[in-house]
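Visitor: In case you want the letters, here they are:
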Amino acid sequence: MDDLLESDWTTEEVSTGTTIIAAVFDGGVVIGSDSRVSAGQAVVNRVLNKVCRLHDKIYCSISGSAADAQAVVDIVDYQMELHGIQMGQPPLVQAAATIVKDICYKYKEELVAHLLVAGWDHKYGGQVYGTLGGMMIKQQFALGGSGSTYIYGFADSAFKPGMTKEECLKFTKCALALAMNRDGSSGGVIYLVTITSKGAEETVITAKDIPSFYED
Amino acid sequence: MAAVCVSRSGETVLTCNPHLPPGWAQEEVSTGTTIMAVEFDGGVVIGADSRTTTGAYIANRVTDKLTFIHDHIFCCRSGSAADTQAIADVVNYQLSFHSIELDEPPLVQTAANLFKELCYRYREDLTAGIIVAGWDKRKGGQVYTVPMGGMIVRQSFSIGGSGSTYIYGYVDSSYKPGMTKEECLEFTANAISLAMERDGSSGGVIRLAAITEAGVERKVILGSELPRFTVS
Numbered sequence: 003m004d005d006l007l008e009s010d011w012t013t014e015e016v017s018t019g020t021t022i023i024a025a026v027f028d029g030g031v032v033i034g035s036d037s038r039v040s041a042g043q044a045v046v047n048r049v050l051n052k053v054c055r056l057h058d059k060i061y062c063s064i065s066g067s068a069a070d071a072q073a074v075v076d077i078v079d080y081q082m083e084l085h086g087i088q089m090g091q092p093p094l095v096q097a098a099a100t101i102v103k104d105i106c107y108k109y110k111e112e113l114v115a116h117l118l119v120a121g122w123d124h125k126y127g128g129q130v131y132g133t134l135g136g137m138m139i140k141q142q143f144a145l146g147g148s149g150s151t152y153i154y155g156f157a158d159s160a161f162k163p164g165m166t167k168e169e170c171l172k173f174t175k176c177a178l179a180l181a182m183n184r185d186g187s188s189g190g191v192i193y194l195v196t197i198t199s200k201g202a203e204e205t206v207i208t209a210k211d212i213p214s215f216y217e218d
Numbered sequence: 043m044a045a046v047c048v049s050r051s052g053e054t055v056l057t058c059n060p061h062l063p064p065g066w067a068q069e070e071v072s073t074g075t076t077i078m079a080v081e082f083d084g085g086v087v088i089g090a091d092s093r094t095t096t097g098a099y100i101a102n103r104v105t106d107k108l109t110f111i112h113d114h115i116f117c118c119r120s121g122s123a124a125d126t127q128a129i130a131d132v133v134n135y136q137l138s139f140h141s142i143e144l145d146e147p148p149l150v151q152t153a154a155n156l157f158k159e160l161c162y163r164y165r166e167d168l169t170a171g172i173i174v175a176g177w178d179k180r181k182g183g184q185v186y187t188v189p190m191g192g193m194i195v196r197q198s199f200s201i202g203g204s205g206s207t208y209i210y211g212y213v214d215s216s217y218k219p220g221m222t223k224e225e226c227l228e229f230t231a232n233a234i235s236l237a238m239e240r241d242g243s244s245g246g247v248i249r250l251a252a253i254t255e256a257g258v259e260r261k262v263i264l265g266s267e268l269p270r271f272t273v274s
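As you go down the protein sequences, you meet chains A and X in turn.
The opening residue of the first sequence carries number 3 in the working numbering; numbering runs sequentially from there.
The opening residue of the second sequence carries number 43 in the working numbering; numbering runs sequentially from there.
Derived by calculation from the structure, the hints in this document are not laboratory data.
If you're wondering where the values come from, they're calculated on a predicted model, not measured in any experiment.
Glycine is no exception: its CB is placed at the ideal position from the N, C-alpha and C atoms.
Don't take each hint at face value.
Unchecked claim - Listed below are several chain X residues computed to face chain A (Cβ distance under 8 Å; list not exhaustive): (1) Tyr162; (2) Tyr164; (3) Ser204; (4) Thr207; (5) Tyr210; (6) Gly211; (7) Asp214; (8) Ser215; (9) Tyr217; (10) Lys218; (11) Ala233; (12) Leu236; (13) Ala237; (14) Glu239; (15) Arg240; (16) Phe271.
What the hints assert, rightly or not - Beyond 12 Å from chain A on every Cβ pair, some chain X residues (computed): (17) Val71; (18) Gln151; (19) Gly191; (20) Met193; (21) Gly205; (22) Pro219; (23) Met238; (24) Glu255; (25) Lys261.
Please work from the sequences and hints to get the whole structure.
Guide: Below, the structure written as C-alpha cells:
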C-alpha cells in the first residue's frame with residue numbers, strides 16, 4: 003500500500019529518455035524520434051511526438067528534461083514565426099539553430115535539454131544542426147538522447163552522403179529501432195518527418211512496421 | 043609554493059608545482075576497452091582493441107587483452123587491468139590443474155564457470171568484465187560472458203567494455219547466424235573499428251584470434267589498415 007502512495011515516479015523528474023536522429027539526403031532531411039517519456043522507471047507517456055515544428059520547413063527533435071525542452075521549443079517557435087513575418091520569406095534553418103543555440107548556451111547551467119534542428123531552406127537546401135551543450139555544429143547526420151550511444155557504430159557504418167529519400171528513411175528507421183531495442187528509456191513508436199522543398203511530411207511507424215533484427 | 047587552479051565543477055585542472063605527481067599517476071590503470079567474441083560452426087573468433095589508460099594517459103597502446111587460459115580457451119579482459127590479470131592468472135592455474143587431473147582438455151564451460159565463481163564471490167571488490175571463448179570437443183565453439191556482478195550466460199556473440207555501448211546497434215543489425223570464420227573475422231574487425239572511432243578509451247590496433255580444433259590463429263590489424271567508415 004505504501005508503494006502506491008509514495009512511488010518513485012511521482013517524485014522523479016519527467017524525462018524524455020530518448021533516441022533522436024536527423025540526417026541529410028539529396029534534396030532534404032529526415033528527422034525522427036522514439037515516443038517514450040519516463041519518470042524514473044514508469045513510462046508516463048508512450049506516444050509522445052518528440053519532433054516539434056519550429057516553422058513550415060524547420061523542425062527540431064527534443065531530448066533530456068521534457069519540461070526544459072518544451073520551454074525552449076515554445077520560445078523558438080514564437081521567435082521563428084516573428085522572424086519569418088519580418089523577413090517576408092521563409093527563414094533559414096541556420097536562424098532557427100542559432101536561436102536554439104543562444105538559449106541553450108545562455109542557460110546551460112540550468113537547462114538539461116538537447117535539441118537537434120533540421121530543415122530545408124532555399125539558400126542551403128537540407129541541413130542538420132546539433133546544439134549539444136550550447137554549441138551549434140552543422141552535420142551530415144546527428145544523434146541525440148540516451149539511446150544514441152548504442153547506434154553510433156551503426157550510424158557511422160550505414161550512413162552514406164547523397165542518399166535518396168527512401169534510403170534515408172530506411173537509415174533513420176533502422177537506427178531508431180536498434181536504439182529502442184537496447185535503451186530502456188527509448189521505445190514506443192517511431193515518428194519521422196521528411197522535409198524537402200515541397201514541405202514537411204509527418205509519418206508514424208507502429209508495432210509490426212518497426213524493423214526487427216536478430217534476437218538470440 | 044603549490045598553486046592549483048580549480049574549475050567550476052570543482053576538479054583540479056592545472057597544477058603549477060612540479061613536485062606534485064601528475065594526474066594520471068594517481069588514477070587506476072584501466073583497460074577502457076572494446077572486446078568481442080563470436081561463435082561460428084567449428085570455433086570462435088575473438089577480438090579486442092589495444093589501449094590501456096590511466097586517466098587520460100595511455101599507459102600501453104599495444105596491449106594484448108586476449109589472454110591465454112588453455113590451449114583452446116582464451117578470455118577477453120575489460121575493466122581494471124590489475125583485477126583482470128589477477129583473475130586470469132588464478133583461473134589459468136586452476137584450469138591447468140583440473141585438466142591434468144581429468145587427463146583431458148578442459149571444457150570452455152568449466153573455464154567460464156571458474157571465472158564466474160571468482161567474479162561473483164568477490165563482486166564487491168572487483169571491477170572486471172570478462173568474455174570467455176574457446177573450442178571443445180563436446181559443444182564446439184562457445185562464447186560465455188561474465189560481466190561485472192558475476193553472472194554467466196552463453197551467447198552466440200558478445201561485446202564488452204566501455205566501447206561496446208556504441209556498437210550495439212551495429213552488431214544487432216549486422217549479425218547473421220551461420221557465418222563462416224572469415225565473415226566472423228570481418229564482422230569483429232568492423233565492429234571494433236567503429237567502437238574505437240567513438241570511444242576515447244579504446245584505440246590502437248585490433249588484435250584478433252580464431253580458435254578451432256586445429257589451434258589458435260592470431261592476427262593484428264594495424265592503424266593504417268583499419269576498416270574505414272568516417273564520413274566528413
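Visitor: I'd like to know which numbered hints this structure contradicts. Please list them from smallest to largest.
Guide: 1, 2, 3, 21, 22, 23
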